[in-house]
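Chains Y and W, in that order, are what the protein sequence lines are. Here our numbering is used: the first residue of the first sequence is 1, the next is one more, and so on. Here our numbering is used: the first residue of the second sequence is 1, the next is one more, and so on.
Honestly, the hints are just simulated from the structure, not real lab data. No experiment lies behind these values; they were computed from the predicted model shown. Any given hint could turn out to be false.
Said to hold, decoys possible - Pairs of lysine to any residue, SDA-like flavour, derived with a Cα cap of 20 Å:
1) W/Lys125 to Y/Ser220
2) W/Lys125 to W/Lys100
3) Y/Lys89 to Y/Gln152
4) W/Lys40 to Y/Ala121
5) Y/Lys223 to Y/Glu55
6) W/Lys100 to Y/Thr26
7) W/Lys125 to Y/Phe18
8) Y/Lys223 to W/Pro41
9) W/Lys135 to Y/Thr26
10) W/Lys125 to Y/Ser33
11) W/Lys136 to Y/Val16
12) W/Lys135 to Y/Val23
13) Y/Lys61 to Y/Leu244
14) Y/Lys89 to W/Glu12
15) W/Lys100 to Y/Ser220
16) Y/Lys123 to W/Leu25
17) Y/Lys123 to W/Pro41
18) W/Lys135 to Y/Trp39
19) W/Lys135 to Y/Tyr19
20) Y/Lys34 to Y/Val229
21) W/Lys40 to W/Phe249
22) W/Lys125 to Y/Lys123
23) Y/Lys223 to W/Leu60
24) Y/Lys123 to W/Phe249
25) W/Lys40 to W/Leu60
26) Y/Lys123 to W/Gly49
27) Y/Lys89 to W/Lys125
28) W/Lys125 to Y/Pro38
29) Y/Lys91 to W/Ile28
30) Y/Lys91 to W/Arg10
31) Y/Lys123 to Y/Gly208
32) Y/Lys91 to W/Arg8
33) W/Lys125 to Y/Leu102
34) W/Lys135 to Y/Gln249
35) Y/Lys91 to Y/Leu102
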Amino acid sequence: MKRSSLPLLTTIAVLVFFYFPLVLVTIESFNASKYGGPWTGFSLRWYKTLFTDAEVFRALKNTLIVGVVSTLVSMVLGTVAAFALHRFKGKLQAAHYGLIYLPLVVPDILMGISLLLFFVALKVELSLVTISIAHISFCISYVTMVVLGRLQDFDFSVMDAAQDLGADRLTAFRKILLPLLAPGILAGGLLAFTLSIDDFVITFFVSGPGSTTLPVYIYSMMKHGSPPVINALSVVLLAVTFVLVLYSQFLNHGGKENA
Amino acid sequence: MPTMIPRRRREEWLLTLPTFFWLTLFFIIPTVIVLAIAFKPAAPHGGFGEGWTLRTLMELGNPNYPAIVFRTLWISAVATALCILIALPVGYCLARASRKWRQFLMLLVVIPFWTNFLIRIFAWKQVLHPEGILKKTLVALHLVAPDATLLYNAGAVMLVMVYTYLPFAILPIYAAAEKFDFSLLEAAQDLGSSRLGAFYRIFIPGIRRGLLTATLMVLIPALGAYVIPDIVGGPTSEMIGNKIAQRTFVDRNLPHASALTGLLLVTVLVVTGGLYVLVRMRKIPRALGRSLAATGTGNLTTTAENTAPVTPESIADLVAEEEKNKEENAEEDAT
Numbered sequence: 001m002k003r004s005s006l007p008l009l010t011t012i013a014v015l016v017f018f019y020f021p022l023v024l025v026t027i028e029s030f031n032a033s034k035y036g037g038p039w040t041g042f043s044l045r046w047y048k049t050l051f052t053d054a055e056v057f058r059a060l061k062n063t064l065i066v067g068v069v070s071t072l073v074s075m076v077l078g079t080v081a082a083f084a085l086h087r088f089k090g091k092l093q094a095a096h097y098g099l100i101y102l103p104l105v106v107p108d109i110l111m112g113i114s115l116l117l118f119f120v121a122l123k124v125e126l127s128l129v130t131i132s133i134a135h136i137s138f139c140i141s142y143v144t145m146v147v148l149g150r151l152q153d154f155d156f157s158v159m160d161a162a163q164d165l166g167a168d169r170l171t172a173f174r175k176i177l178l179p180l181l182a183p184g185i186l187a188g189g190l191l192a193f194t195l196s197i198d199d200f201v202i203t204f205f206v207s208g209p210g211s212t213t214l215p216v217y218i219y220s221m222m223k224h225g226s227p228p229v230i231n232a233l234s235v236v237l238l239a240v241t242f243v244l245v246l247y248s249q250f251l252n253h254g255g256k257e258n259a
Numbered sequence: 001m002p003t004m005i006p007r008r009r010r011e012e013w014l015l016t017l018p019t020f021f022w023l024t025l026f027f028i029i030p031t032v033i034v035l036a037i038a039f040k041p042a043a044p045h046g047g048f049g050e051g052w053t054l055r056t057l058m059e060l061g062n063p064n065y066p067a068i069v070f071r072t073l074w075i076s077a078v079a080t081a082l083c084i085l086i087a088l089p090v091g092y093c094l095a096r097a098s099r100k101w102r103q104f105l106m107l108l109v110v111i112p113f114w115t116n117f118l119i120r121i122f123a124w125k126q127v128l129h130p131e132g133i134l135k136k137t138l139v140a141l142h143l144v145a146p147d148a149t150l151l152y153n154a155g156a157v158m159l160v161m162v163y164t165y166l167p168f169a170i171l172p173i174y175a176a177a178e179k180f181d182f183s184l185l186e187a188a189q190d191l192g193s194s195r196l197g198a199f200y201r202i203f204i205p206g207i208r209r210g211l212l213t214a215t216l217m218v219l220i221p222a223l224g225a226y227v228i229p230d231i232v233g234g235p236t237s238e239m240i241g242n243k244i245a246q247r248t249f250v251d252r253n254l255p256h257a258s259a260l261t262g263l264l265l266v267t268v269l270v271v272t273g274g275l276y277v278l279v280r281m282r283k284i285p286r287a288l289g290r291s292l293a294a295t296g297t298g299n300l301t302t303t304a305e306n307t308a309p310v311t312p313e314s315i316a317d318l319v320a321e322e323e324k325n326k327e328e329n330a331e332e333d334a335t
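The following block holds chain Y by itself, in its conformation from the complex (with noise of 0.2 Å):
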């Protein structure tokens, strides 16, 4: 049967659409030029500059920081939650689910607002401390539905095997569920990494003066500073990004192997 080529034409469209922009902020990140513009010859000048720019690991430093207590936090809090929905359903669950899935449908504009007017309130200073709470608690709901997705794909039965065969509750949980459903705490943990090194607007509202990470230094790069530098920086992050993409397929694929 004869099929449209408007969907591979609209596809080929789109993918031109996303990686054009990006393709331009890879080369201007060469050219020598000090206002982007004409090109006026290859330079690694403003890779240069960045990478003696202090400022840019110090926030580099803050934002990993943040990451990996807020990714830490939030696995443990959302595989928990996970377990308590799938196990238990009722009222009870039904208001828990509702918690969890409020913070993805609202803006993070008002995530963030309301975590900076709550601190204001109660008089607490902002800081990684702040950056991280808010950090979980969006991560947190991220978290608690991979998790629960894969356990609505667990075949419980191997547990009620394995106590069949005489391990007890906790032997069962921690030697047989806890490592078939690893794959699907990493990849939670892993989107919950994403988002928080990735997050602008929440932790714009909620960072004070010493507390910039990498997302609200660059926003200021971008206010103030010189655009070229910021085509340096935006391909360091292209490049890990590729790499962190990359290998989360992979270990998905090796997750997908084991199960």
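Once you have looked at the hints, place chain W on chain Y.
Quick look at chain W alone, frame taken from chain Y:
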């Protein structure tokens, strides 16, 4: 075993309390605080004062604000409609591609999705810049006047919104299309439906859950957008999000910022509530969770085997109806 019941209860509370506590403390209470501060008077040096007042809410009647709300609504609506229109053929194409191609194409779609969104916005700012490549090309093709500005208007905001949110629309539509049984389309065509007719009457209803998820995943962040209009928009394309940030950081008028946040929240609730009623589907939350589980995690290769095939009754009904029509025609031919 009667002792099982209290133990189950205790276990349930033990597993539920941590998130319940965390999200109540850091999500529900702050939201209530924001809404409460809208009723506080503004303090002259920023922050908020003592007592309660309705003045801030009255000030939202100032003609400035309804205009901004209206603009926020239409910019978001256009961007969402464009995203869905573009995502439909892309999701369809991805779902029908061979396994190998599908993996490769998904990877290409997912990479911009994971790229820091400030960087993507900044890339567009350079593309649209007066000295940028797009402007020069368009001028050379005589498509725009040399003094036209591509930046700092509602068009630029919508374009960058589509760029930024398009993966949010593609992923749920693809996730739904992947579970769609494409032989139904062929069946419809065998039964006399046109290609486009089959697409509209079978495919669209078949993936309607994915469509609604896609709409919400674009519309909600669009309504709350702040960075995009801030970077590529201008004074004529300010949205509610800009005003909230301006009141918070520039004027330090927290009651005003709170009232605007309440306004945004009401807008989002009315729009999403309206969509729910419109589509009359109650299982969206689970559907969103599933599509997140399938897409957000780099789980790019969910196979049809491990997911139950979704064949909504509507399609079956339609096919049955077509079948009936055909039988009737055959009978007529026979007589």
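Taking the hints in turn, this is what the structure says about them:
{"no.": "1", "hint": "W/Lys125 to Y/Ser220", "result": "holds, 15 Å"}
{"no.": "2", "hint": "W/Lys125 to W/Lys100", "result": "violated, 35 Å"}
{"no.": "3", "hint": "Y/Lys89 to Y/Gln152", "result": "holds, 14 Å"}
{"no.": "4", "hint": "W/Lys40 to Y/Ala121", "result": "holds, 12 Å"}
{"no.": "5", "hint": "Y/Lys223 to Y/Glu55", "result": "holds, 16 Å"}
{"no.": "6", "hint": "W/Lys100 to Y/Thr26", "result": "violated, 28 Å"}
{"no.": "7", "hint": "W/Lys125 to Y/Phe18", "result": "holds, 14 Å"}
{"no.": "8", "hint": "Y/Lys223 to W/Pro41", "result": "violated, 32 Å"}
{"no.": "9", "hint": "W/Lys135 to Y/Thr26", "result": "holds, 19 Å"}
{"no.": "10", "hint": "W/Lys125 to Y/Ser33", "result": "holds, 17 Å"}
{"no.": "11", "hint": "W/Lys136 to Y/Val16", "result": "holds, 19 Å"}
{"no.": "12", "hint": "W/Lys135 to Y/Val23", "result": "holds, 17 Å"}
{"no.": "13", "hint": "Y/Lys61 to Y/Leu244", "result": "holds, 18 Å"}
{"no.": "14", "hint": "Y/Lys89 to W/Glu12", "result": "holds, 10 Å"}
{"no.": "15", "hint": "W/Lys100 to Y/Ser220", "result": "violated, 42 Å"}
{"no.": "16", "hint": "Y/Lys123 to W/Leu25", "result": "holds, 15 Å"}
{"no.": "17", "hint": "Y/Lys123 to W/Pro41", "result": "holds, 19 Å"}
{"no.": "18", "hint": "W/Lys135 to Y/Trp39", "result": "holds, 16 Å"}
{"no.": "19", "hint": "W/Lys135 to Y/Tyr19", "result": "holds, 18 Å"}
{"no.": "20", "hint": "Y/Lys34 to Y/Val229", "result": "holds, 10 Å"}
{"no.": "21", "hint": "W/Lys40 to W/Phe249", "result": "holds, 18 Å"}
{"no.": "22", "hint": "W/Lys125 to Y/Lys123", "result": "violated, 38 Å"}
{"no.": "23", "hint": "Y/Lys223 to W/Leu60", "result": "violated, 29 Å"}
{"no.": "24", "hint": "Y/Lys123 to W/Phe249", "result": "holds, 17 Å"}
{"no.": "25", "hint": "W/Lys40 to W/Leu60", "result": "holds, 14 Å"}
{"no.": "26", "hint": "Y/Lys123 to W/Gly49", "result": "holds, 15 Å"}
{"no.": "27", "hint": "Y/Lys89 to W/Lys125", "result": "violated, 49 Å"}
{"no.": "28", "hint": "W/Lys125 to Y/Pro38", "result": "holds, 16 Å"}
{"no.": "29", "hint": "Y/Lys91 to W/Ile28", "result": "holds, 19 Å"}
{"no.": "30", "hint": "Y/Lys91 to W/Arg10", "result": "holds, 15 Å"}
{"no.": "31", "hint": "Y/Lys123 to Y/Gly208", "result": "holds, 13 Å"}
{"no.": "32", "hint": "Y/Lys91 to W/Arg8", "result": "holds, 15 Å"}
{"no.": "33", "hint": "W/Lys125 to Y/Leu102", "result": "violated, 33 Å"}
{"no.": "34", "hint": "W/Lys135 to Y/Gln249", "result": "violated, 38 Å"}
{"no.": "35", "hint": "Y/Lys91 to Y/Leu102", "result": "holds, 17 Å"}
Figure legend: structure checked against the earlier numbered hints; hints not met, in rising order: 2, 6, 8, 15, 22, 23, 27, 33 and 34.
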